[in-house]
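A.B. asks: Residue strings, one per chain:
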Amino acid sequence: MITLFIDTSASGVSIAIVKDEKVISKIVKNIPNEHSVYAVKFVNDVLETIGMKPNDIDNIMVVNGPGSFTGVRIGLTIAKIYGYLLKKDIITVSSLRAMALSSDAKIVIPIIDAHHDNYYYGVYDMFDNIILKDNFNTKEELLKQINKYEEADIVSNETVNNGEIKARKIEYDIVNIVNHYKYELPVNPHLVVPNYLKLPQALEENK
Amino acid sequence: MKDVVCLAIETSCDETSMSIIKNGSEEIATVVFTQIDIHKKFGGVVPEIASRSHIESITIVLDELFEKSKMTIDDIDIIGVTYGPGLIGSLLIGLQAAKTIAMITGKPLIPVHHIAGHIYANNLENRLQFPLIALVVSGGHTELIYMKEDYSFERIGGTLDDAVGEAYDKVAKILGLDYPGGPLVDALSLKGEDTYDLPYPLDDKSYNFSFSGIKSAVVNIVHNEKQRKKEIRVEDMCTSFQNRVVEVITKKTMRALKEYKVKNLIIAGGVAANNGLRNRFAILCKEEKINLSIPKIKYCTDNAAMIGAAAYYAYKKGIVADLELNAMATDTLYKY
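Heads up: the protein sequence lines correspond to chains F and L, in order. Numbered per my numbering, the first sequence spans residues 1 to 207. Numbered per my numbering, the second sequence spans residues 1 to 336.
Fair warning: there could be bad hints in the mix.
[Claimed, not checked] DSSO-like, lysine-lysine: derived pairs with alpha carbons at most 27 Å apart: (1) L/Lys-107 x F/Lys-26; (2) L/Lys-70 x F/Lys-41; (3) F/Lys-53 x L/Lys-107; (4) L/Lys-70 x F/Lys-88; (5) F/Lys-87 x L/Lys-70; (6) F/Lys-41 x L/Lys-317; (7) F/Lys-87 x L/Lys-68; (8) F/Lys-87 x L/Lys-107.
No lab work stands behind these hints, which were simulated from the structure alone. In this text, all values refer to a predicted model and were calculated from it rather than measured experimentally.
So here's chain F without its partners, still in its complex pose (with noise of 0.2 Å):
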C-alpha cells in the first residue's frame, strides 16, 4: 500500500510517501504564507525523487483541518483534483487527531492558536479514543480540559506560550498516523471538503 500524505493545514507544511508502513519521501518545511507556491511543487518533488509517477500511489490521505483556511484549502484542492483525476481514494484526516497519534501519552490535548483568545482542540487517550471531539472555543473552556486532565501532553504544530496556555511544539508521526487511518472510509472527491468548525466571519455577524 503507497498513500500520499498531505497538510497544509498549518504554517509548516508535510508531504510525504508512506509505502508499508515506512516513509520514502518526505518533504517537512516551514513556508509560512507560501503554501500556494510550493505545495503542488512539493507533491510532486516526493514522488519525483523516488522515481514515482503520480499514478504510482494506491491512496491520498489529505489534512482537511482545522488549521488556516486557506492552507487547508490548498492541500485539499490538490487531493481533490489528484483523487478525482487518477481515481485514488481520499481519506480526510485531522489536524488534531494528527497531532494526539504522533505523541505517546496516556491523554494528549492537541491545541491549535485560532486567534483572539479562540482554539481548536481536541481531547484524545494513548490508545486513539476520543475523549473531547475537535472544536472551537474559547481559552476558558480549553482552560478547563487542561485542568481536568493535570497529566496531559498538550502539543500544537508550532510552539504555543499564550500566558495560561501552553503547548510543545510536536512533529508528525506521519506512519502512525497513516496506520491508524488505513481503516477510515475513503470520500468520493466532490464530497471532500474542508473541516473549518469555524463560520466565515460574515455569517458569525449575522447570527
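Starting from the known structure of chain F, arrange chain L on it as the hints suggest.
C.D. replies: Chain L only, in chain F's frame:
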C-alpha cells in the same frame, strides 16, 4: 498546424468556471457555477464565502465539463488558468487545481491575466483585428488598452479609484436596489429623464477614469432629499448617472482611437452588457467608421472560455509557467 485544445480554469471572483477551447477560438464546452445567490444577501461578494464555495464545486465543475464535452484529460494539450488579478482566496483554488492537473499530466501550464481573458472573449466570435483599442469595463476593472498585435498589451489609461461596475453597484445600493444592481440601474435609466445635476467624472485630457466623485454626488443628493423628506426619483437618478458615465467613457475611448490611429475597438467585461454603453458606442463607431466588437452577454461576465482563448495566444508567444506559479491579487498585464 496541429490543433491545440486548452482546458481553462477561472475562479477569480464568485464564479467557478471551466472550459475547453480549441485553437483560441472554438468553444467546445463551458461550465459556469455562479455563486450570485449566495452573496446576494450580503449585498456583495464575501471573499471567505467565495473561497469556500469554489473548493466545494471545483471537481464537480471539472466532471461536468468532461461530460459535456465528451472529452477526457487525455484530449487536453494545455492548461490555462487565471492567476490574477482577483480575490486571492478564490484565485488560489483554480490555481492549485490547474497546477495539480499540470503536475499529473505533464502538460504546459499557461498563466492568464484576467483582463487578457476579457479581451480575448471577443476572439471566440470574431478573430481580433489589429491594431486595436480594448475597453475593459467590469465590477473590478476599468482599463483602456492598446494592442499592436496578439498578446501585446499597452495600458493607456484606467480607473484611479472605483471600477465602473463597482460604481454602478454602489449607486444601486444607495438607491435601495437589489444586488448586483448595475444591470438594474441600466434598465431603469431607460425609463427616466436626465434631471439630476451630477458632475462629469474626471472629464479631462487623460485616459484615466474616476467614479468616486459622481458616486459621492449621488449619496449627497439622496441624503439631502431624505432630510427634506422628499422622494428620490430613482429612474431619473439612474438616467442622470448613466448618461454622465457613458458620456465620459465613450468620449475618452473615441479620442484614444483617433490619437492611436486605430480603426478597431473591442469592449469587454461585465459592463459591456450595459445597454447605454452599447448603444452610444454603436452610434459613435458608425459615425467614425470604427469596427466595433462587443461579445455576447455570456462572454462578458467572468467565464473560463475567455481564459482558454487567451491561453492559446499566450502559449503561442511562449508564455508557460512552472509548478511554482502563484496567484496575484493585483498584477499588471503588461509584463508579458
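A.B. asks: Can you list which hints this structure breaks, lowest number first?
C.D. replies: Those not satisfied come down to hint 2.
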